[in-house]
Amino acid sequence: MSDRSIALIDVNNFYVSCERVFNPKLEGKPVVVLSNNDGCAVARSNEVKALGVKMGQPWFQLKDLAKKHGIVAYSSNYALYADMSNRAMSLLATFSPDHEVYSIDECFLDLTGFRKQNLVLYGQHIRQRIKQWTGLPVCIGIGSTKTLSKLANHIAKKHPEFDGVCDLNAMSLRQHDDWFSKIAVGEVWGIGRRLAPRLHEIGIHTVLDLRMTSPSRMHSNFSIVMEKIIREINGTPCIELEEMNPPRKQIVSSRSFGIPVSDLASLEQSVSLYISRAAEKLRRQRSYAEAVYVTIRTSPFNEKEPYYTNSLTIPLTTQTDNTVLLTKIALWGLREIYRCGYKYQKAGVMLSELVSANHRQPDLFSPVAADTKSDNLMNVMDQINARMGRSTLKLASEGFRQPWKMKQGNRSSGYTTKWDELVCVTK
Amino acid sequence: MSNRGGKRENAGRPRGQGKFGEPTIAIRIPQSQGATIKMFLDAYQNKRTGLNEEATNVDEFFTPSISDQPTRLPLFTTKVAAGFPSPADDYVEKRLDISEFLIDHAASTFFVTIKGESMIDVGLLPGDKVVVDRSKTPGIGNIVLAVVDREFTIKIFDRSTSGRPRLLPANSSGAYLPIEIAEDMQFEIFGVVTGSFRRFE
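If you read the protein sequences in the order shown, they are chains A and B. Sequential numbering from 22 applies to the first sequence in the working numbering. Sequential numbering from 11 applies to the second sequence in the working numbering.
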């Protein structure tokens with residue numbers, strides 16, 4: 022019935038599954054992984070989902086439930102997750118020449134050329150291979166468009182009878198309608214929590230309801246994106262595989278503090294650290310920033326303390342990728358918005374209006390030599406930090422003790438990234 | 011001539027027509043190894059006769075191998091056009107890389123540190139780093155990293171007379187006993203141990 026077979030492979034409860042590979046005792050236990058600073062649940066095992074814990078729920082709200090049911094909570098171990106993701110993605114790349122790594126735990130494969138095979142069997146083969154080689158359980162959804170493959174993946178995940186692989190192309194249209202009538206419209210890729218209530222208002226509750234609407238009319242009521250989504254769930258591809266990620270349009274770096282911070286000096290340190298991280302990313306993708314945004318806020322959950330939040334965007338006269346310059350500007354912005362007497366809990370920066378090196382407009386009035394000098398300095402800094410480890414060379418404004426740094430109370434070991442943190446086999 | 015007893019010419023199945031499709035011989039084997047040898051023979055028979063229940067109508071899935079190791083190629087610095095070429099150019103070879111020696115598939119290879127003494131007879135000493143490859147199918151006699159009742163252990167993979175998995179230590183002191191995997195035990199093989207290494211300084 023359809024021309025293409027796109028598969029979406031995603032790792033089940035990715036962060037939790039990574040932890041389980043190296044700690045078999047966690048199998049069958051309720052496990053959550055918490056965001057930076059142990060703020061809220063960012064990954065939940067099936068046992069935890071069954072207890073009604075929502076994605077993103079703050080950890081302090083869960084403490085009683087955790088005690089009652091013995092929920093094991095881990096701080097996020099991003100070094101481990103990134104390594105396990107790279108392993109899985111490098112394996113998936115061997116199953117089709119056309120693939121797009123969509124996120125840390127999701128990958129699209131174009132299997133159109135493989136349809137001489139039974140794709141459900143091929144999917145099972147992929148699943149088995151990833152499980153054996155990496156220890157990670159995956160589910161696979163196959164459809165004629167990316168949006169349909171996402172839905173197929175949802176079906177494969179929620180219904181054990183599929184054994185982890187669901188191919189919508191192998192079903193009749195009537196069977197599609199049957200499934201789509203049971204799935205809430207909010208589950209559709211790109212609809213999400215924001216658009217779902219607006220669709221409910223006009224009587225669209227399920228995927229089937231959405232599929233029946235007129236794409237062009239929905240375009241005028243919503244946006245071109247909505248039209249594309251509707252065409253995609255009707256089997257017309259509108260979103261192509263992107264094998265190379267386009268350079269980002271903005272780079273954000275923000276984090277909560279381990280302890281509340283009230284002095285300007287600590288805030289300055291954190292803002293300079295975030296700027297240097299963001300500037301590193303900026304240079305890695307060979308872009309230049311034209312605006313710097315700084316934000317600070319106190320805890321929105323603490324009712325005993327006065328709440329304060331403020332932010333400032335500072336446009337630059339010249340586009341730059343120089344950490345020193347960006348830091349100076351961000352710190353100026355911070356001093357503008359800083360108010361004495363509050364307990365700050367989070368700070369962040371964003372570099373925006375990014376342009377690629379090719380499209381950069383040099384400043385007519387600044388000497389070219391200054392530019393080259395800055396490029397050389399940043400190059401040397403990046404190279405030294407790449408070779409000798411992060412923050413070997415840094416601005417003194419980042420501070421040395423950084424007492425405000427993140428809490429990572431219960432982070433698991435660097436099982437695959439640190440020699441002295443490998444699994445120890447005692448038996 | 012007596013017509014009782016003795017050899018009867020041309021009696022029985024013609025040679026080479028049995029289940030293996032070739033002549034067979036009788037040999038004595040230790041009782042404890044019966045199950046192991048039986049499994050080996052079954053596998054051999056399947057291979058000979060192409061009878062594999064799991065393979066249905068699917069052709070074997072072909073997966074191209076990817077090179078996990080960065081291949082460092084020598085850079086020829088001598089210029090080609092001018093003068094006498096370096097006589098060593100023909101002999102430049104790739105420099106040795108230790109991970110190439112230890113690792114077949116980077117995506118499926120993990121390291122663990124060994125702490126106990128149960129495997130010292132095969133040269134796995136406390137403190138050694140052990141290379142574990144999940145992509146390999148464990149066979150009898152392989153050293154494996156296994157999970158028994160949710161705990162990691164490194165042992166030699168074996169099967170008992172009944173065919174159930176069994177993990178053997180390699181320590182002649184007798185301080186470690188074989189682990190027989192019973193029906194109700196949680197058991198899984200994490201991967202096959204393909205090597206080990208240590209530093210003295």
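Derived by calculation from the structure, the hints in this document are not laboratory data. Be a bit skeptical, because a hint or two may be false.
Said to hold, decoys possible - With a straight-line cut-off of 30 Å between C-alpha atoms, the simulated DSSO-like cross-links for lysine-lysine are:
#, chain 1, residue 1, chain 2, residue 2
1, A, K270, A, K394
2, B, K57, A, K46
3, B, K104, A, K152
4, A, K89, A, K46
5, A, K448, B, K139
6, A, K50, A, K75
7, A, K84, A, K179
8, A, K88, A, K203
9, A, K84, A, K394
10, A, K75, A, K364
11, A, K137, B, K146
12, B, K125, A, K439
13, A, K439, A, K50
14, A, K137, B, K48
15, A, K249, A, K88
16, A, K448, B, K125
17, A, K178, B, K146
18, A, K439, B, K146
19, A, K46, B, K139
20, A, K46, B, K146
21, B, K146, A, K448
22, B, K146, A, K88
23, A, K178, A, K249
24, A, K439, B, K57
25, A, K84, A, K137
26, B, K139, B, K125
27, A, K152, B, K125
28, B, K146, A, K50
29, A, K325, A, K367
30, B, K48, A, K50
31, B, K57, A, K152
32, B, K29, A, K179
33, A, K415, A, K448
Quiz item: Given the hinted pair K439/A and K57/B, is their alpha-carbon gap at most 30 Å?
Solution: Given that 30 Å is the threshold and the Cα spacing comes to 43 Å, the pair is violated.
Quiz prompt | Pair hint outcome, K249/A versus K88/A [Cα-Cα no greater than 30 Å] | solution = violated, 46 Å
Practice problem: Take the C-alpha atoms of K325/A and K367/A, compute the straight-line distance between them, and say whether it is at most 30 Å. | Solution: Given pair K325/A, K367/A holds - Cα atoms ~17 Å apart, limit 30 Å.
Exercise. Below or equal to 30 Å on CA atoms is what counts here, so check K152/A against K125/B.
Key: holds, 27 Å
Quiz item: Within 30 Å, alpha carbon to alpha carbon, are K48/B and K50/A?
Solution: violated, 39 Å
Quiz item: Is K270/A close enough to K394/A, meaning Cα to Cα at most 30 Å?
Solution: Roughly 26 Å separates the two Cα atoms, so the pair holds.
Quiz prompt | Proposed proximity, K146/B with K137/A (alpha carbon, max 30 Å) | solution = holds, 28 Å
Quiz item: Given the proposed pairing of K104/B with K152/A, does the C-alpha separation stay at or below 30 Å?
Solution: Judged against 30 Å, a Cα distance of about 34 Å means the pair is violated.
Quiz item: Is the Cα-Cα distance between K84/A and K137/A 30 Å or less?
Solution: violated, 52 Å
Quiz item: Going straight from one Cα to the other, do K75/A and K364/A come out at no more than 30 Å?
Solution: holds, 28 Å
Quiz item: For the pair supplied as a hint, K146/B and K448/A, is the alpha-carbon distance within the 30 Å limit?
Solution: Holds, at roughly 22 Å.
Quiz item: For the pair supplied as a hint, K448/A and K139/B, is the alpha-carbon distance within the 30 Å limit?
Solution: holds, 15 Å
Hint violations for this structure: numbers 2, 3, 8, 9, 14, 15, 22, 24, 25, 30, 32, 33, all remaining hints satisfied.
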